[in-house]
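To convert, note that position 132 of the sequence shown is 219 in my numbering; the numbers rise steadily by one, no gaps.
Hints listed in this document are in silico derivations from the structure and should not be mistaken for laboratory results.
Worth double-checking, as some hints may not be accurate.
[As the list claims (entries may be wrong)] Pair by pair, the computed Cβ-Cβ distance ranges are:
1) D233 to N603: 43 to 53 Å
2) R649 to S104: 46 to 56 Å
3) R107 to R565: 24 to 34 Å
4) I646 to E522: 18 to 28 Å
5) D554 to E384: 52 to 62 Å
6) V605 to D488: 27 to 37 Å
7) H349 to R565: 51 to 61 Å
8) E400 to A218: 50 to 60 Å
Using N, Cα and C, we set each Cβ at its ideal position, and we do this for glycine too.
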Amino acid sequence: MPVPPQASFEVRSPDGSTARIATVSAATVRELDAPMAGVQLVEIVAADLRVEPVRIRWTWPVEGAATLWQATQGSHRNLPTDWGSQRDVRSVRSAPVAALVRTDDVSPLVVSLSSSVRGCDFAVGVNEETAEHLVELVVDDVELVDGQHRFTLRIDLRALHFAAGLRGVTDAWTAELGERIAPVPEIARTAMYSTWYSDHQHVSEESVERHASTGAQYGCSAVIVDDGWQTDNTQRGYAYCGDWEPTSSSFPDMAEHVRRVHALGVDYVLWIAPPLMGRHSKAWDRFSDRALGFLDEEQTTVALDPRYPEVREHLVECCVRPVRDWGVDGLKIDFIDSWAWKNPPPAPEGDCATVDEGVELFFAAVRDELQRLRPDLLIEFRQDYVNPRLWQYGTFLRAGDCALDAVENRVRTVDARLLAGDRAVHSDMLMWHPESSPEAVAEQFVGVLFSSAQVSVELGSLPEAHDRVVRYWLDFLRDHAATLLRGELVPVRPDARYTQVAAISAEETIVAVYSNPVVRLSAPADVLIVVNGGNEPIVLLDGAGDGPVEVVVSDCSGIEVRRSSQTPPDGLWAIDVPVCGVARIERIAVT
88 MPVPPQASFE VRSPDGSTAR IATVSAATVR ELDAPMAGVQ LVEIVAADLR
138 VEPVRIRWTW PVEGAATLWQ ATQGSHRNLP TDWGSQRDVR SVRSAPVAAL
188 VRTDDVSPLV VSLSSSVRGC DFAVGVNEET AEHLVELVVD DVELVDGQHR
238 FTLRIDLRAL HFAAGLRGVT DAWTAELGER IAPVPEIART AMYSTWYSDH
288 QHVSEESVER HASTGAQYGC SAVIVDDGWQ TDNTQRGYAY CGDWEPTSSS
338 FPDMAEHVRR VHALGVDYVL WIAPPLMGRH SKAWDRFSDR ALGFLDEEQT
388 TVALDPRYPE VREHLVECCV RPVRDWGVDG LKIDFIDSWA WKNPPPAPEG
438 DCATVDEGVE LFFAAVRDEL QRLRPDLLIE FRQDYVNPRL WQYGTFLRAG
488 DCALDAVENR VRTVDARLLA GDRAVHSDML MWHPESSPEA VAEQFVGVLF
538 SSAQVSVELG SLPEAHDRVV RYWLDFLRDH AATLLRGELV PVRPDARYTQ
588 VAAISAEETI VAVYSNPVVR LSAPADVLIV VNGGNEPIVL LDGAGDGPVE
638 VVVSDCSGIE VRRSSQTPPD GLWAIDVPVC GVARIERIAV T
């Protein structure tokens, strides 16, 4: 099939004052009716992605942009140059979206591709020659739609708050995927216990049952059993992965062990990393010639190639067995970004041409079989696995590893929330030193207020001061979950790693203050809860209203330290709130 000549379309500002020509190679283009003013939709049909990827390019003037918000960026909040902004997006890593954001949180440009895109290079960066932003998208793998590699480019120039702009993207993905999105059980939005930081690979039946028992007393609904159940080797490597059978020394009777955990009223989620296969596994002789390549310099572990049907069959059985034979309630499916292979070997003869297609065939088979066994199955993915294509398979998303880092946990949970659609979002596992101050323990919870907490410390041996803090904040997360997890999320200053975050519902407004103590309210709230996540015992309110309010201030463990009725002053209102404490401000009805 001959590749069509270069096509083009016009990118236009809402008021028509600015326009740029976007070029598209190896495809045909057609502008679609826009759902709202300021949003452009361009349908692109690739000629033949096996011959040449689709390339889309245009420049756009953006004044005042301070950062580029991307799907997976960690703490890199810079404004990249065009030559340093390439980002390889696959079904199992990142997502095809980026937003330029100013210091007032307005996003003058949000660019995204539809959920049919499996793989692309997604670059938005400063063009040094023109002082404009260059958008360059190279799409190489797209799901077939009506026999064609068809996808949609979405350009949002409405200049909304960046969270609202990103919500427009996730709304579009939700509409595209429809009933294909996996249902999210309510338990996925609750606190859970994880064995990783408390046990690492030294996990056993005894330790899991101990954690499940104590976790239940703190309100943890599930125990997530991480790496270690499948191997006696505790050197933190993966040379023994691939068979996914319990080690007889630590888990002699997995089914009976799971039943004992269930008897405690706790669900059981089991870690598994399907892409990984090590030299010391029984599967090595069978599948070592069906791998994408080695993952380590020592050449002990490979990433299996999901384009082989026999590889997928083996991995599907490994994922189904824990649910079917042992009665577990869910899987923590990890390391799937190992399948984001840059230059894979030539495709084998078989039923799919690309690694991403093979990955999705594997996940679809796992989903179909497990939903038949257990419709309310829990599937955890890690933060990098945020692509909307994975909404079809996962039910909750955990922030990427950031042990003991409350700031990074805050950033990662908020980032995940902004792009998770309806999937539940969990914190990275919370941990702290046994001799930490109560405020330091509370800081870990305050950092992840807008997600479901995972805890990974020995709860059964907490000192009394830590016990009070942990119980208070787990209760706080549960009691305010409707607002914290389902309210309108309004983060502030992504360029500064979120200086404040608010969640707004019909019942209440909750604001977590981090590095900026001034809370500016656009309208007085009937119930305002301010959490002091900063390092000074004071918060400042602007716009609290002029009617009488009741103020209740508590410390980091929930102990009330002050209660008063007063009328907020004009201008800034200073309220003394202990570090990691809470001020509840409720408007008093005047009769």
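Comparing the hints with the structure gives:
For the hinted restraint 43 to 53 Å between D233 and N603, the CB-CB distance of approximately 49 Å keeps it satisfied. Checked against the hint of 46 to 56 Å, the pair R649 and S104 passes, with Cβ atoms roughly 54 Å apart. R107 and R565 have their C-beta atoms about 50 Å apart, which leaves the hinted 24 to 34 Å range violated. I646 and E522 have their C-beta atoms about 21 Å apart, which keeps the hinted 18 to 28 Å range intact.
As the Cβ distance of D554 to E384 is approximately 44 Å, the hint placing it in 52 to 62 Å is violated. Checked against the given bound of 27 to 37 Å, the beta carbons of V605 and D488, roughly 32 Å apart, stay inside it. A C-beta distance of roughly 21 Å is found between H349 and R565, which places it outside the suggested range of 51 to 61 Å. Separated by about 54 Å at the C-beta atoms, E400 and A218 satisfy the suggested range of 50 to 60 Å.
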